[in-house]
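Residue numbers (numbering that gives the first Met the number 0), protein chains in the order written: chain H, 0 to 711; chain S, 0 to 513; chain L, 0 to 101.
Keep in mind the hints are simulated off the structure, nothing from the lab. Don't take every hint at face value.
In silico lysine-lysine, DSS-like type, Cα no more than 25 Å apart, as pairs [what the hints assert, rightly or not]: (1) S:Lys-165 <-> H:Lys-634; (2) S:Lys-381 <-> H:Lys-154; (3) H:Lys-68 <-> S:Lys-508.
Cβ-Cβ distance ranges computed for the label pairs, FRET-style [as the list claims (entries may be wrong)]: (4) S:Ala-433 <-> H:Glu-217: 16 to 22 Å; (5) L:Arg-86 <-> H:Thr-692: 38 to 44 Å; (6) S:Leu-443 <-> H:Ser-353: 47 to 53 Å; (7) S:Arg-472 <-> H:Glu-217: 28 to 34 Å; (8) H:Thr-670 <-> L:Ser-56: 54 to 60 Å; (9) S:Leu-443 <-> H:Leu-627: 20 to 26 Å; (10) S:Asp-106 <-> H:Glu-60: 58 to 64 Å.
Built from N, CA and C at the ideal position, the CB exists for glycine as well.
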Amino acid sequence: MNEALPWLVWILPIVGAILTPVSAKIGDRFRDYLAVLFSLASAVSAALMIPSKEVIHSTVEWIPSIGIKAGVLADPLSVTMANVVGWISFLIMVYSLGYMKGEPNLTRYWFFMNFFIGNMQLIVLSDNLLQLFFGWEGVGLCSYALIGFWHSDEKKYWVGTPVEEGGRKAWGREQAYSPSHAGMKAFITTRVGDSAFLIGLLILYTYSHTFSFTQLAEHTEWASSLASAGLLIPVTILIFGGAVGKSAQFPLQEWLPDAMAGPTSVSALIHAATMVKAGVFLVARVGPIFYTAFQAVNAVPLFFEVVAWIGAFTAFLAATQAVVGREIKKVLAYSTVSQIGYMMLALGAAGLVSESTAFAGGFTAAFFHLMSHAIFKASLFMAAGALIHACGSKYLTDMGGLRNIMPITFFSMLLASASLAGIPPLSGFWSKDAVLAAVWEASTPCAPILFALAVVTAMLTVFYTFRMIGLAFFGEKSKYLKELEHKHSSHSEAEHHLGEAPKVMWIPYTILAVASLAIGIVGPFMETYLHESLEHYLHEYGFKVAHKGFEINPVALGGSLAALAVGLPLGYYIYVARRADPAKIVNSSSVLRALYIFLENRWYLNTLYYAIFVDGLAKFARVVWRGLELGVIDKWSDAAAIASIVSSKAGNWFDKYIVDGFINGLAYVSTIFSRVSRRIQTGVTQNYLLVFTIGVVVVSIILILNPSLLLR
Amino acid sequence: MINPLLQAVFLPIVLSPIVYLIGRRVGSRVGWLSFAILAYSTLLLIYSASISPDYFELYSWQPFGLFGLRLDGLSLPFAITIYLLSTVLAVYSIPYMKHRIEEEVKDEHAANAKHGIYHLLYLTYAAGMLGTVLATNLIQFYIFFEIMLIPSYLLIAEFGYGDRAKISLMYFLWTHIGALLLLAGILTTAFLSSWYSGRPLTFDMVSLLPSGGLVKNIDTLAIPFGYIQAIAILITVGLFVKLASFGLHIWLPYAHAEAPTPISALLSPAMIGIGGYAYIRILLYLLPSAYEYIFFAISIWGLVTIIYGGFMALMQDDVKRLLAYSSVSQMGYIIFGIASAFYIGLSGSVLQYVSHGTGKAILFMTAGSIILQAHGLRSISKMGGLARKLPITATAAMLGFLTIMGIPPTNGFQSEWMIFYGSFAGALERGDLAKLIVSAIALLATPLTAGYSLWTMKRIFFGRLPENLQEVREAPPTVTIPLLFLAFVGLLIGVYPALFTERLFPAVKILLGG
Amino acid sequence: MEPLVNYLFVSVVLFAIGVYGLVTKKNALRMLFAIEILINAANLNFVAFTRYLHPTSVTGHSLAMFSIALAAAEAAVGLAIILAVFRLRKDVDVSEIKGLRG
């Protein structure tokens, strides 16, 4: 039974997905509940794996001739992750029952949701990189399909603000996208990351001849061969490239904000809690292996520097963009990118320690923040969905004063936001603190800069979080909302119910918000527990165990509190208490105004990518198409054809005039001859007789003169 | 079951006149007879494969040597793909050709006759392709090569679209010239081999050992390198015409776009890849030193083809032309895998043939489904939002594109990783940095495939549905069932490639190292 | 006895007259007369040769007898043809009958 559990965790949702079209024939409700049931089954299987402390590693043959096996590996890292994924997924599936109620095409929705969960669990539980890649691409596919769920692309589903609704253009390009476009963008961007991943992976395989994590950790000769070929660092960074794509880190971060075109439940599941964490998970899986490898060949752990820097920069970049976000989901999306940056930063810092015992510190921090973030971000997204449903608009500026109308949602969101902002004693505080501590303790010369970036980002985080809460729940109702209510009261049946969300929706996100609080209350213990299990896990990989108790790093604590001290009052003053008008503040200074536009245009990075990779490549293709294909190659082919036609015509001419002419000439000659000889046939008998007589006479004369002719 | 391979190759040819006669009476429904014949032949192939991993039949065939049919690990994927596609497309042809022929021929009697002709040519074409990949004798190979050329030429000329007389002729001339170059290479190899090794002239690639196995029969080790270079170039250019590699590709977009869609679905997926098969079987096997000489050059050629095909696909408005350029790009992958000089890379090329076979066949079939249901619509700019009207077609198209993009769990992924792994491994083994970089660039070009695939998917199936397409309905089961069946096969191989790899890897290893 | 040659000479003269008549005369009846003269020339020849070279034999004489009978028959047939032609064309001018002109 134990052996089967890891397999069940990822196979059950996939079976559920395949059964969805079948169950849909029986009935819509049956289909919906069955889908949710399968996700529950998977989560329960994951939970059942927790009690047994043993590592389960089960394999089957896959491609025997090159020794590749498929398998599952249930160790502390993957069991924890599987439970995080499993339970949050289940809660979001329950939420979907309410959020997606009344939507057409739900069969497709449930199919891809379950298929997604299965593939995500496949990533988590795989015991080798090739199989992980299957799950990796599978979640990418589901992400594409679910972002583009409303593929009829009606304007109301677009993400961003179209120009005709007052949207801003960046470098002449509109920044609003349809769902199908957003899905395509996500897939292609992550594909770039995945190509890098694949290159790194395949080169690694060339030297290691195994994809299996345990094998890679045990026999590290591949590391020395790679290092001597000068490929060790490139390979590790390329593999990280996949994580950069999937987790929307710089420079591949632009797809995630636009993925908000999908339904909010999708955003919660895929783009907050699980899929985007896959990159972090990957780094967590391979991090220890690479660390040991680097140690074994005495190589500079440049890989970890890169991870840390990309994480820190992305965290900062995204946080600045969240500050000016007008759509609630986009604010949360930027926030997600930023927080994942923190996780990457922590993982990077983990590898930059001077003794291997300290690796567990950053590692734990990252993982704790992953769990913490998954919980509160999923909660935030689901609550945002409830807000959007209630107000009928995705814009924060269309909300306001909802505190009393939707109290439960307010309570949930407040808790979750506090966690995001890092207010004690919520879980977010402890996890963010752990990250800061890990960064500070990294033994790299740039650690202070990284630390400073992290703290500034934390300040921005607090600010934008309270901005969001303030805009949605405090102050006056927006003009839009007032009009909506007016319409409401004049119709008996309302399309948008401006009240609290239904139970099936608020229960899941409130559970998660409370969980965030609960974990926070036992924060130190939680952290210690995680630290221990992960150390245990790392021990399997050859790391030494330090058995440190829970410590508070004063610098980190100082940083967290400083962030709160700066961000909270500012956010509160402007947005919650509404004492100042942000628009006036920005417009009062041209510097601020320029900064605002710069941030709203996403540092022009999005536009830059479009200019180079979309328009640029399209132009290139067009030039090559016109110039080379049509202009040269087509013409060669035509030239060859024309040449053969010309030679054929020449042959034809020759045939017609010369060969035929010769024959005709012969015929002509015979005709002339005949015309002449015809004259002999006069038809008059006497002429014949005359000739006959003359002939006889002539012959007789000859014979008389020469009788010997007769004697033969 | 006597001589299953012989039956599999010749039964369709021999029965084609009967199919013609029946077709004249019955019209498009004779497609079921074609289907039955081809299904039976496919089963024969599977049966032959189950007898032995290297099953062959040899018949005496003076003066050329032995007429042999060999189903080993290398030819098995090709053979199964060819016949599987042919069988499935025979069913697909029924509604499609009914529509096509009735577009032009109004009289029922004449239309039925045309159906008969179509199926006669179709069966011959399928059998010709199979004969090519099973052949063990060089002349036999060449003959089947031409046997597949002539019916396809006639099919395009009779049933194609657009300027079909010119286009079919262009197709014929290009491919034929390629075949002639190949023939020149083959004959030179045979003659020079005999001359320099002192053995009698033979065209048999393999001969029978007393133990019952097969061994290489043409010994080319003694041929001077200068000749080897010339032969390498001749055969490469000749086969690359067939593979539609960059520079020699111009015929393909015309031919595949204007051919009737079931035939496009055979031309592109099944037939052009045979160039790759021939390359491995003839050049690699018989002339390893030629391969050594040329493989870096062809890896560059393959890379250019991949990228060029992808860019050209971006520019197309006609959906069939777009798929044709996509095929050019995919053939680039096959070439690239062949250039890897490593058995997994070569096997990846073979699997790429299979995955491109299923994937592109699905895509052409979906294009045909749209043409069928939307009354001849081929221009992408006039499409949109069709996923609502053609849900099964759209799902199949998505799977087809995923296969082309090389995303798991489709078989496209298995072939892609093997090709690139082979390329990297081969480069690293030799310490060849240039090759390593070339391989990395090729892998980085795969998002280009994702780009045109997803963009096309979006433009055809998502977004707004144009006014004139409101009446479109999903295609009949004779279209959707073949589509789903092929998609299923693709997924099956994608998840469990061992179906082919277990025989393929050893066979290729022998071809390379042996 | 007269020398044979005299008879032969008469025969030749008669033959020449016959040929001359045949060749130059346009009237079909006149050609018939000419033919008769030709036949008589031949008969004379036969009889003369037999009498002088084989006095005891009657070969030439019998041949002459045959010839006279045949001449009569031939004249009949010839006249019949001329009559038919005359009925058709109202004219017995041989130079007008050119149907077989090539």
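Verdict for Thr-670 (chain H), Ser-56 (chain L) (Cβ pair) under range 54 to 60 Å: 58 Å, holds
Distance restraint evaluation - Leu-443 (chain S), Ser-353 (chain H), Cβ atoms, bounds 47 to 53 Å: Since the Cβ atoms of Leu-443 (chain S) and Ser-353 (chain H) sit about 36 Å apart, the hinted range of 47 to 53 Å is violated.
Distance restraint evaluation - Asp-106 (chain S), Glu-60 (chain H), Cβ atoms, bounds 58 to 64 Å: Holds, at about 60 Å.
Proposed proximity, Lys-154 (chain H) with Lys-381 (chain S) (alpha carbon, max 25 Å): Holds - the C-alpha atoms of Lys-154 (chain H) and Lys-381 (chain S) are around 20 Å apart, at most 25 Å.
CB-CB spacing for Leu-627 (chain H) and Leu-443 (chain S) relative to the 20 to 26 Å hint: This hint holds: roughly 22 Å between Cβ atoms.
Outcome of range test on Cβ distance (Arg-472 (chain S), Glu-217 (chain H); 28 to 34 Å): 59 Å, violated
C-beta pair Arg-86 (chain L), Thr-692 (chain H): status relative to the range 38 to 44 Å that was hinted: 30 Å, violated
Distance restraint evaluation - Ala-433 (chain S), Glu-217 (chain H), Cβ atoms, bounds 16 to 22 Å: Hint violated: Cβ distance 34 Å, outside 16 to 22 Å.
Lys-165 (chain S) paired with Lys-634 (chain H) [C-alpha distance capped at 25 Å]: Roughly 15 Å between the alpha carbons, so the hint for Lys-165 (chain S) and Lys-634 (chain H) holds.
Pair hint outcome, Lys-68 (chain H) versus Lys-508 (chain S) [Cα-Cα no greater than 25 Å]: Holds, at about 21 Å.
Comparing the model with each earlier hint shows violations of hints 4, 5, 6 and 7; every other hint is respected.
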